[in-house]
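Trainee: So the sequence lines, in the order shown, correspond to chains G and D.
Numbering that gives the first Met the number 0 puts the first residue of the first sequence at 0, with every later residue one more than the last.
Numbering that gives the first Met the number 0 puts the first residue of the second sequence at 0, with every later residue one more than the last.
Among the hints, a few may not be true.
[To be verified] Derived pair list, reagent style DSBU-like, types lysine-lysine, alpha-carbon separation capped at 35 Å:
1. D/73 / G/131
2. D/73 / G/47
3. D/73 / G/129
4. D/444 / G/47
5. D/815 / D/826
6. D/73 / D/815
7. G/129 / D/826
8. D/815 / G/89
9. D/37 / D/308
10. G/129 / D/759
11. D/446 / G/47
12. G/131 / D/69
13. D/37 / G/47
14. D/73 / G/89
Honestly, the hints are just simulated from the structure, not real lab data.
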Amino acid sequence: MPCCQKSYISIVFLDFTTCFPPCCPVTRPPLPLPSIIEMASLLFCGPKLAACGLVLSIWGVIMLAMLGIFFTTHSAVLIEDVPFTEEDFKGEALQNIYSLYNKVGYNCFIAAVIYVGIGFLSFCQVRLNKRKEYLVH
Amino acid sequence: MSSLFRSEEMCLVQLFFQTESAHNCISELGHLGLVQFKDLNPSATAFQRRFVKEVKKCEEMERILRYLEKEMVKSNIVIAATKEKEMVPCARDVLELESTFEKLEQELREINRNHATLRQNLIELMDIDSLLRMTEDFFEEAESLLTYSEPPSEDSVSMTVSSHITSRRNSNSSTSGALHLSFVAGVIKQERFPAFEKVLWRLFHGNFVLRHAEIQATEELQAVRGAVKKDVFIIFVQGDHVREKIRKVCEGFRASLYSCPKTLYERKQMSNSVMTQMEDLRMILRRTEEYRAGVLTRAAEHVQEWGSKVKKMKAIYYTLNLCNIDITQKLIVAEIWCPVSDLAVVQNALIKGSEQSGSSVTPVLNRIQTQQTPPTFNRTNTFTEGFQAIIDAYGVGTYQEINPAPCTIVTFPFLFAVMFGDCGHGLVMTLFAVWVISQAESLRKWKNEVTDVVIGGRYIILLMGMFSIYTGLIYNDCFSKSFNIFGSSWCVRPMFHPHGPWQNETLHEYHHLQLNPSVPGVYSGDPYVFGIDPVWNIASNKLSFLNSFKMKMSVILGVSHMLFGVTLSLVNFVHFRKFQDIFLQFVPQLIFMLSLFGYLIFLILYKWCITLRSETAPSILLLFINMMLFDYQSEHVLLYGGQKGLQIFLVLTAVLMVPVLLLVKPFLIYRTRMKTRHQVFGNNPNDQHGTDTRSSFSHHQKDEMVSMGDISVYQAIHTVEFCLGCISNTASYLRLWALSLAHAELSEVLWRMVLQVGLKISSGMGSLMLVVLFAAFAVLTVTILLVMEGLSAFLHALRLHWVEFQNKFYEGSGYKFTPLSFDSLLKTQQ
Numbered sequence: 000m001p002c003c004q005k006s007y008i009s010i011v012f013l014d015f016t017t018c019f020p021p022c023c024p025v026t027r028p029p030l031p032l033p034s035i036i037e038m039a040s041l042l043f044c045g046p047k048l049a050a051c052g053l054v055l056s057i058w059g060v061i062m063l064a065m066l067g068i069f070f071t072t073h074s075a076v077l078i079e080d081v082p083f084t085e086e087d088f089k090g091e092a093l094q095n096i097y098s099l100y101n102k103v104g105y106n107c108f109i110a111a112v113i114y115v116g117i118g119f120l121s122f123c124q125v126r127l128n129k130r131k132e133y134l135v136h
Numbered sequence: 000m001s002s003l004f005r006s007e008e009m010c011l012v013q014l015f016f017q018t019e020s021a022h023n024c025i026s027e028l029g030h031l032g033l034v035q036f037k038d039l040n041p042s043a044t045a046f047q048r049r050f051v052k053e054v055k056k057c058e059e060m061e062r063i064l065r066y067l068e069k070e071m072v073k074s075n076i077v078i079a080a081t082k083e084k085e086m087v088p089c090a091r092d093v094l095e096l097e098s099t100f101e102k103l104e105q106e107l108r109e110i111n112r113n114h115a116t117l118r119q120n121l122i123e124l125m126d127i128d129s130l131l132r133m134t135e136d137f138f139e140e141a142e143s144l145l146t147y148s149e150p151p152s153e154d155s156v157s158m159t160v161s162s163h164i165t166s167r168r169n170s171n172s173s174t175s176g177a178l179h180l181s182f183v184a185g186v187i188k189q190e191r192f193p194a195f196e197k198v199l200w201r202l203f204h205g206n207f208v209l210r211h212a213e214i215q216a217t218e219e220l221q222a223v224r225g226a227v228k229k230d231v232f233i234i235f236v237q238g239d240h241v242r243e244k245i246r247k248v249c250e251g252f253r254a255s256l257y258s259c260p261k262t263l264y265e266r267k268q269m270s271n272s273v274m275t276q277m278e279d280l281r282m283i284l285r286r287t288e289e290y291r292a293g294v295l296t297r298a299a300e301h302v303q304e305w306g307s308k309v310k311k312m313k314a315i316y317y318t319l320n321l322c323n324i325d326i327t328q329k330l331i332v333a334e335i336w337c338p339v340s341d342l343a344v345v346q347n348a349l350i351k352g353s354e355q356s357g358s359s360v361t362p363v364l365n366r367i368q369t370q371q372t373p374p375t376f377n378r379t380n381t382f383t384e385g386f387q388a389i390i391d392a393y394g395v396g397t398y399q400e401i402n403p404a405p406c407t408i409v410t411f412p413f414l415f416a417v418m419f420g421d422c423g424h425g426l427v428m429t430l431f432a433v434w435v436i437s438q439a440e441s442l443r444k445w446k447n448e449v450t451d452v453v454i455g456g457r458y459i460i461l462l463m464g465m466f467s468i469y470t471g472l473i474y475n476d477c478f479s480k481s482f483n484i485f486g487s488s489w490c491v492r493p494m495f496h497p498h499g500p501w502q503n504e505t506l507h508e509y510h511h512l513q514l515n516p517s518v519p520g521v522y523s524g525d526p527y528v529f530g531i532d533p534v535w536n537i538a539s540n541k542l543s544f545l546n547s548f549k550m551k552m553s554v555i556l557g558v559s560h561m562l563f564g565v566t567l568s569l570v571n572f573v574h575f576r577k578f579q580d581i582f583l584q585f586v587p588q589l590i591f592m593l594s595l596f597g598y599l600i601f602l603i604l605y606k607w608c609i610t611l612r613s614e615t616a617p618s619i620l621l622l623f624i625n626m627m628l629f630d631y632q633s634e635h636v637l638l639y640g641g642q643k644g645l646q647i648f649l650v651l652t653a654v655l656m657v658p659v660l661l662l663v664k665p666f667l668i669y670r671t672r673m674k675t676r677h678q679v680f681g682n683n684p685n686d687q688h689g690t691d692t693r694s695s696f697s698h699h700q701k702d703e704m705v706s707m708g709d710i711s712v713y714q715a716i717h718t719v720e721f722c723l724g725c726i727s728n729t730a731s732y733l734r735l736w737a738l739s740l741a742h743a744e745l746s747e748v749l750w751r752m753v754l755q756v757g758l759k760i761s762s763g764m765g766s767l768m769l770v771v772l773f774a775a776f777a778v779l780t781v782t783i784l785l786v787m788e789g790l791s792a793f794l795h796a797l798r799l800h801w802v803e804f805q806n807k808f809y810e811g812s813g814y815k816f817t818p819l820s821f822d823s824l825l826k827t828q829q
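Same shape as in the complex, but just chain G:
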């Protein structure tokens, strides 16, 4: 039944074009909207996973940044987390230990920066999910 199918497809296209331009409920100037096909490929996680990722990233940033600060100020409570060995105690013991502290501190800062990136990614996913949800309705 070829005639029916054609009309079906035309209706489908009509729907897409009619619902496409309107209105995202944004309060600030909207980002340039990619077309629908691009948007579908950028979205790779559902709303809940994205929200979890966002919460985890915020926690990670705050906690790793604070850990980094505490390591670079050579806090004594964190002595067990510093990877010292027997050789570090020969020669300039204090400076060795301090440099190890600094290394671990910098690692923490780098991890915090990575979490900033992950947080930004999750935030974008959350926004894309919201937009997709709005479009379907």
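With chain G held as given, fit chain D onto it using these hints.
Mentor: Below, chain D without anything else, positioned relative to chain G:
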């Protein structure tokens, strides 16, 4: 103020109102939500009540509404949430709504029936259509069989490779000549086809030609029929007899048979007519669906409103069933429980209701005295609701008994926090609670049991989190690490030469070295300002210090909590004017507890305050045991002078309290009864009067004699429970230590096994590992430490309240006040 600490004073009120204004008055009371109707016909079953027909009608309407809602959900029509209009449903509305509902239901059912029939027809037509198309080549083949009447070869049996290739099974019958082949055509489910083929083969030994092909599943077909695969088949046979048999077999396999015309021209015509029929059917189906959607959309606008109206009416009829209608059928009598402070509000509501109905007679309120126990009503707001709920879960308080809920608002989160004590975890919990509080309305829509519980307890969780931050700061524990905010009081450097005994060699010889506070400079003399010194976090004997500290703290907290409970019983006695009980129960209990466990607390605090040498310091547990056993040998070290004398005195006092608790009260009751009996027997001026009183008194005596034994047994049980319970309950509070130890250890293990692995990698890869391991650390913290440990600490703190605290004063034998309230009715149904 009194209502905060005990339940409200309630009164029993009789209401008289006219039958016409009944609906409006009850509806006003329902909106108010402050009165509980008493059942005046308790002996009547549900079917004997007066308004049972109306209740049935309301239930029928609810059923129709549910059916409508289901249909709407199936067709994806959004039910509009209407705002609550304060419309009073009256008796006329019932009839109106009833007729509307019945009409709607009938219409909808008819539409659905028609839709189903049309769809069935469409499926049949589609089958015929595919049958006609696919049998084209079969017929060509049949024609070729007719013209080439050669004996068929034996070797052409091939397996079906795919369902698009037709299978060939040649028959063995080698009759030649022009044969008259008749055929049977139809459609059968694909899964049944192999069995079908086998049966035919067995029955007819190959005297037939069978062709089949799968029907291509187009999208439309799938939408209409579903995912059932069907095959088209056609069987060419000789003779009508065989054909009838085959027909029967087909019926057995539930294949639908269709008559197929023999000539090509007729088939083409049939195909065309089928196509047009299908077009028509499709259009009719579409129209039906549109109509149905229209009907449902129109109904969807009102469905919420109707629903709440029907619920209210059902509640009103149910309430009317509880009331009495007097002989003249004009007056309704109801009895309600109502808080005394709200009587004026109730009266106003009734007046408003009667004005609305246009009746001239205002309803009459008549407060009556009664001996029955009123229900327990504790006024709560959104904050105190959760705490009242956890108290009521164990037992609703007796009428006007002291309500433990206000105290529980503070003590419950505090005991939880003692067991949970970690400021990092407490912070996460607080933030979670703040988020739930802000999103409470939108989270309620999820309608999951677990989320309902969490939303109900959101303020409890908030307080638990805040108190946990506080105890976390005291334990100096944040994700198992300590903060050094104020500077530790311990210093290691003075232990070395020249101040102290350690040399460089000492470090190489020993694995563990202990700081000696008597060496000057090691211990600064002032303890850490707030909480536990951070140096303990890196000490290897941290647990021996913390265990001793936490155990003593648990005992102190436990004994204080229980003393508070005993004090609350004093408040109860004063309120109920049982002054005798103060001296017979409260004072002995207090003395018993203070002389034994109060003294224990004194010992603990005293030992903490004085300076001792740790090698010779006496253990408090041993001191306590020796005190109870009167064991004073000379080599035992005592804490202070005069300890022996004081301890003997305290133990003797406590032991003396036991017979006071056990015997004095029953003895006094016995004495009062004896006195009354002597008084009655004493006056003997009038013999007749005497015999009357004597006979009536003998009945009385029989009841009393039974009660005397009861009283003694009850008192004995109470005494034993209290005295032995004191010890076991104090030990029970040690769970505060046990759980906080478990939490601290779990937290430390999680840090060491998960996060430290990432921190110890000092190269560049360390940061990537740290990212992954931190995610694992966070997930495990939330699931194990927050959820599991949180639930566990919640449960134990609750048990401590329910059992150890409340059995000192709480009776809990009341029944809850359940007012007629439309708000709660609609909320629970949603």
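Trainee: Would you mind marking each hint as holding or not holding in the structure?
Mentor: Results of checking the hints against the structure:
{"no.": "1", "hint": "D/73 / G/131", "result": "23 Å, holds"}
{"no.": "2", "hint": "D/73 / G/47", "result": "26 Å, holds"}
{"no.": "3", "hint": "D/73 / G/129", "result": "25 Å, holds"}
{"no.": "4", "hint": "D/444 / G/47", "result": "16 Å, holds"}
{"no.": "5", "hint": "D/815 / D/826", "result": "19 Å, holds"}
{"no.": "6", "hint": "D/73 / D/815", "result": "41 Å, violated"}
{"no.": "7", "hint": "G/129 / D/826", "result": "29 Å, holds"}
{"no.": "8", "hint": "D/815 / G/89", "result": "75 Å, violated"}
{"no.": "9", "hint": "D/37 / D/308", "result": "24 Å, holds"}
{"no.": "10", "hint": "G/129 / D/759", "result": "40 Å, violated"}
{"no.": "11", "hint": "D/446 / G/47", "result": "17 Å, holds"}
{"no.": "12", "hint": "G/131 / D/69", "result": "27 Å, holds"}
{"no.": "13", "hint": "D/37 / G/47", "result": "49 Å, violated"}
{"no.": "14", "hint": "D/73 / G/89", "result": "78 Å, violated"}
This entry does not satisfy hints 6, 8, 10, 13, 14, going by the numbered hints stated previously.
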